[in-house]
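A.B. asks: Given next are the chains, with one letter for each unit.
There are 2 protein chains.
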Amino acid sequence: MKHRNNSHTTSPIHDYLQELHRQFAGVKEGDLATYIPELAKANPNWFGICLVTATGAVYEVGDSRQPFTIQSISKPFVYGLALEDNGRAPVLAKVGVEPTGDAFNSISLDPGTGRPRNPMINAGAIASAGLIAGRTVKTRFQRLIDTFSLYAGRELSLDDSVYASENETGHRNRAIGHMLRNFDILTGDPTPTVELYFKQCSISVNCRDLGIMAATLANRGVNPVTGKQAIRGEYVESVLSVMASCGMYDFAGEWIYNIGMPAKSGVAGGVIAVLPGQMGIGVFSPPLDARGNSVRGIRVCNELSRIFDLHLFNRPGVGRSTIRLKFSGADVTSSRVRDTRESQVLRQFGVGIQVYQLQGHFTFATAEFVVRDIFDNLAAIEHLVLDLKRVLSINESACRLFLDLLEKLSATGRTLLFSYSARLPLLRRYLKAKLGARFTALFHAYEDNDPALEWCENQVLDAHLPGRTPDRSCERADYELFVGFTPAEVELLSTLLTRRHYQRGEVIINVGDEARDLFFLARGTVSVLVTLDSGARKRLATFSPGMAFGDMAVLDRAPRSAVIQADQAVECDLLSIDDLDSLGHKHPAIKIKLLENLSRGLCRKLRKANREISVFD
Amino acid sequence: MKHRNNSHTTSPIHDYLQELHRQFAGVKEGDLATYIPELAKANPNWFGICLVTATGAVYEVGDSRQPFTIQSISKPFVYGLALEDNGRAPVLAKVGVEPTGDAFNSISLDPGTGRPRNPMINAGAIASAGLIAGRTVKTRFQRLIDTFSLYAGRELSLDDSVYASENETGHRNRAIGHMLRNFDILTGDPTPTVELYFKQCSISVNCRDLGIMAATLANRGVNPVTGKQAIRGEYVESVLSVMASCGMYDFAGEWIYNIGMPAKSGVAGGVIAVLPGQMGIGVFSPPLDARGNSVRGIRVCNELSRIFDLHLFNRPGVGRSTIRLKFSGADVTSSRVRDTRESQVLRQFGVGIQVYQLQGHFTFATAEFVVRDIFDNLAAIEHLVLDLKRVLSINESACRLFLDLLEKLSATGRTLLFSYSARLPLLRRYLKAKLGARFTALFHAYEDNDPALEWCENQVLDAHLPGRTPDRSCERADYELFVGFTPAEVELLSTLLTRRHYQRGEVIINVGDEARDLFFLARGTVSVLVTLDSGARKRLATFSPGMAFGDMAVLDRAPRSAVIQADQAVECDLLSIDDLDSLGHKHPAIKIKLLENLSRGLCRKLRKANREISVFD
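The listed protein sequences correspond, in order, to chains B and H. Following the numbering used here, the numbering of the first sequence begins with 406 at its first residue and continues without gaps. Following the numbering used here, the numbering of the second sequence begins with 406 at its first residue and continues without gaps.
Fair warning: there could be bad hints in the mix.
The list cannot tell twin chains apart, which means a pair is met if one copy fits it or any two copies do.
No more than 27 Å apart at the CA atoms, straight line, and that leaves these computed lysine-lysine pairs for DSSO-like [claimed, not checked]: (1) Lys-731 / Lys-1010; (2) Lys-731 / Lys-943; (3) Lys-998 / Lys-1013; (4) Lys-794 / Lys-839.
Everything labelled a hint here was simulated from the structure, so no lab data went into it.
The task is simple: from the sequences and hints, build the whole structure.
C.D. replies: As C-alpha cells, this is what we get:
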C-alpha cells in the first residue's frame, strides 16, 4: 500500500483508475488507423481514462486532455439531433434500427427500400446527417457542433487537417452518399451531406469530453457537470438503444453480454460507454484491433464493468426505498399546541391521519410501490398526507397513478393532501389538466407538513369534540397554569398581572431579548417562529387563549431563542420575573402550585417530543 | 367514471390492465400456429395479461390462468441453467451471443466451428439443452422443470400430448441435433438432447406463471412472490443479455428500440418482458404474426412500455437518494445523559462527529456518491458513523469502496464506525478477508447508533475535559437538583432521603408502577429501557452519579412508562412523594428551589429534544 501514502485524501475511485491505467498501459497490441495520414501520426502510448457520474463527479487519469478526432463516436449524437429535428417516425422511415452482424463499413442497405439497416454503420450515419436541419452545410454543422459542445460542456472545434484528409480520401463514403440519393434516402445533391458527415467525424475532443458526453446520455440528456440540456430526455432511450444493439458492429452481442453498457467506438481510438442513470465512461488509446475498436479501450471497459459490477442488467430493485418514513397523527402533530383534552383526542383518533414521506425519483415502479402500500393500509386511513419534500423527480406515469389514488380516496370519502408539492410542477399541471373543474376542490396542496397536519387534526377534533371553540377568549380563572388554584389565589395573582395588547403581526418577543416576563394568553393566537438557514421562516408553535408562553427562558434565565408574534389582535397578561421571585417569599404555596403546573406542562411537552423522536429515529 | 364505481378500493394498476385488456381484446389479426395439431386447437380469443413487480405484487387480468405450453420462452431459462451447470466460458465455447438478424428457425451455425450464433435460435437452444447436467433425459428434465417451478413459484408439469406431437414431427430439430453432433457441439447421441428440448418446450404454464418467471429475472433471480432463488444472481445479466440482443429474432433491434425490455416469445402465444429491478410482464394470446410473435402480446408490451414509460434506457439517476440524513454529534447525542459541562463541550465540539444515515441498495454508483460526499466534507470529520439500518443490499464493489474509505480515514487518524452492520454480512466478510490481522483494530461495528455515538462522544469529552470522572460516586451536596442549596438545606433534605442499594441488572422502576419516589443517583449508572414492538430492548437514557431520575412521573403523577435498571452495583437516595408534598408546607423555600432546579432540567431536556426533532424532521 506504500504508493498510496500521499493519496489518503484522494478519492478511492481516482486511485482505481490510476491502477487500471498502470495495468493496461503496458498493453502493446493493436495498430493505428492508417486510412488517412493524420490518424497514423498518433502516439500509440497515448492513454486516458475518464469516468463521470450522473451526479456530476469527474474522475480522469492519464492523457485525458489529449485532443483527437471523435470519428464514429459522433454517430449516436448526430442520430439524437436528427430525432430532435424530425421526430422518431420520419427518422425511422429513413434509417432502421436492426443490427447487421456486419462490419462498420458494410453498406447494409435494405434491398427493397435502400434504407440503411441502422444509424451506427456509415450508410446510416450519413443518412442521419442528411436529416440535420439547416439551409447550408455551414449552418447545419454549426448546430451540430453546438450540440456536441453542450454534451461536452465546453466549446468544441473542428480539426481542419483531419477534415481535409477525410474529404480528400473518402471515396467509399461518397459512393454511399450517391447510393442513398439513388434510393431517395438523401434528397438533393448528396455532396453537402457527405461533407457534413466528414466534418462531424473531424470534431476534436479529448477523453474527458467523451466521459462527460457519455454521462450526459446517462443523465437523461442533461450534462451533469454544467446542468445544461444537450438532448431532450425522451430521445435518449432511442440513442442508447441503437448504441446497445448496433454500436459495436458485429461485436454488439458480445459487448452487451460481457460489458453490459451501450457503447460506441471511433477509429481515432476513443470509446464511450453509458450506464443509464449512473455514469458515462470515456477511454482514449489509439491502437485498434481487427474490428476497428481501441484495444485498451475495450480492456478498460471490460475491467471496469467486471470490477465495479456495472452490467446494465444487474440492477437491484427500485421500489423499497421509495417510502422514507410513515407516521400517524397520533405520534406526530402539527405545531399547533393543543390543550389537554384535544391532545387526548389526537392521541386516540390521530391514527386516521397518515403521513407518507416519499423520496427519490417517481416512475411507474416506485409509484406503484407507494400506491400499493396505501391500498394495503386503506382501512386505517382517513386523511393521507403525501410529503414530497425529498422527491427528486416525477414522470407522467407516476402522476397518473397519483391521480388515480386521488380519485379513489376521494370517492371513498378520504382526503389526500400533498405537502411540498411546489417541488413538482409537473404533478400539479397533470392533475389540473385531468381534473378540470374539480381540481380546486380535490387538490389540497400545502407548503409543508405542518399546515397539512393541522388541517387534518382540526377535522379529527371537530368530529370528536363537537362545539369546541379553540380560539375563544379566556378568563384568568381558566389559564392552564392556574389549574387547582382557589378563586382567592387567582384574584391575588391577578393583581400581579399586567394586561398588554398587540396588533396582528406585532412581535411580542424577539430573539436575544432578555427574559423578563411570563406570558398568559387571554385573546387571539400567537406563533413561535425561527428563521431557517435557507432564509425561510418556520413555525415552531402556535398557542391558543388560556396557554402560557415564554416560560422556558423565564425558568432557565436564558435569552429568548425565537420570535413570538401575534397572529391576530392579541391580549396577554404578563407576570414579571421580579414578581415571580417575590411571590416565593410572600405566597410560597401559590408559587409552588405555579411551578408544579409549569413543570407538568414541560413534562407533557417532553413526553410528546420524545415520542416524535422515536418516530423519526 | 361510472364503470369504476365498484372499484374504488382496487389498485389503479389493476384497472389499467383491465382497460388494456378491453382495448386489445377486439384485435383479430394473426393466425394460430399449426405446425403441430395441438397448438391449432387453441382458442384465438384467449387473452391474459399479468404484471408482477420486483417487490412481489401480482396484477393479472383476463385468461391469466389458462394453461398453454411455454415453447421458445423456455430457451432463456434453460440457457441460465446451462450457465449454472457449466460456468460462462464453457457455455460460450458451445453457443455464441451474437444476433443473427435471421428468423427463429434459421440454423445459423458458425461456418468454421459449427457453434450456433446464439441460444435463442433453435440450434443454440438445443446446444444449451445439451449442457444441462444429469445422467439420463429423465434426471436432466427433472432438474430443468424443478428450476422452472422455482421461477414460477408452483409445481409445473409436462403437457404430454404436445410433447408427443413435437417428438413426432420435429424433423428439422432432429436435423439440427445431428448437425450439432457433427461439429461436436453436442457429444454422444444427439437424440436424448433433442427429446429434452422437445420436453422443455412442452412444459405447461399460464400467463401468471410467465409474469412471475419474468419478475424473478427482474429481481436478480429471486422469485419475488416466494422469496426463493431460481438462478444465481450473477447469471441473470447473461440471460437478459441474450434476450435483449437475440430474444425477438430479426425483430430484436426494433423491440429494444420501441419497447426497451429484454423479451422472449413462444409459438403458443406467450410473451415475457423483463424490466430489471422493476418488473416482469407475461402476456398470453395465441394468434401470431408472420414472425411467430403473439400479435396482442406485442401490442400489450408496446402499450405498457409507452404508457408507463418503462424503457430500459430511460432511467433516473440512482445516487442522490442514497444519503437519507446527515447530522452531527452537536445536534444529536447518544442516550447517555451528560452533565451541564459535558453538554456544553458536545455542543461546541460534537460537530467532529458526523453520522451518515444510508439507505437503499449499495452498488458502485450509490457508494461512490456517499464516499465522494464524505471526501468533500473530510475537513469537518473526526469520527464518522455510517448508519446502515436502511441499507437493503450491498455488492462487492460497494464493499470495496467502503474498505478504501476505511483505510483512508484510519490513515489520517479518523475513526469510521458502522452501526447496524449485522444487516450486511457480506460487508463484514469482505472487510475481514481484506484487512486480515488489522480487522479487529479497524472494524468498529455497533448494534445501533446509540453506542456508536456514545463512543465518539467519550473521545471528544476525554480530549476536551482531561481528567473527567463521569462515573465517580457522588456526595449529596453534589446532586444536580441541590444546586444553589446551602449546606444546611442539604443537611435538612438529607434527613428525608432513604438510601437504597441495587445489584447489577436489578430493576429499580418497572413499567406501570405507581410513582412513589424521586431518585437521586449516588453511585453507579442506571439505564432507562423500553421494549420495542420488535421485542428488542432499546435504551432511552443512562444516568450518572449526581443526576436525578424518575422525576417526570413524580411531577405529573402518571404511572411509570419505562423500566429503569441498575447497570452496575448502584446506590440511590429516594425522596418520597409524601415527603416532597410535606416539604412544601414545612420548608417552602427549599421546595421552590427544588422545583426550579427540576424545571430547569426539564427545559434543558426539552430544548435538546426540540433540536433533535428539527434535525430529523
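A.B. asks: Determine which of the earlier numbered hints do not hold for this structure and return their numbers in increasing order.
C.D. replies: none
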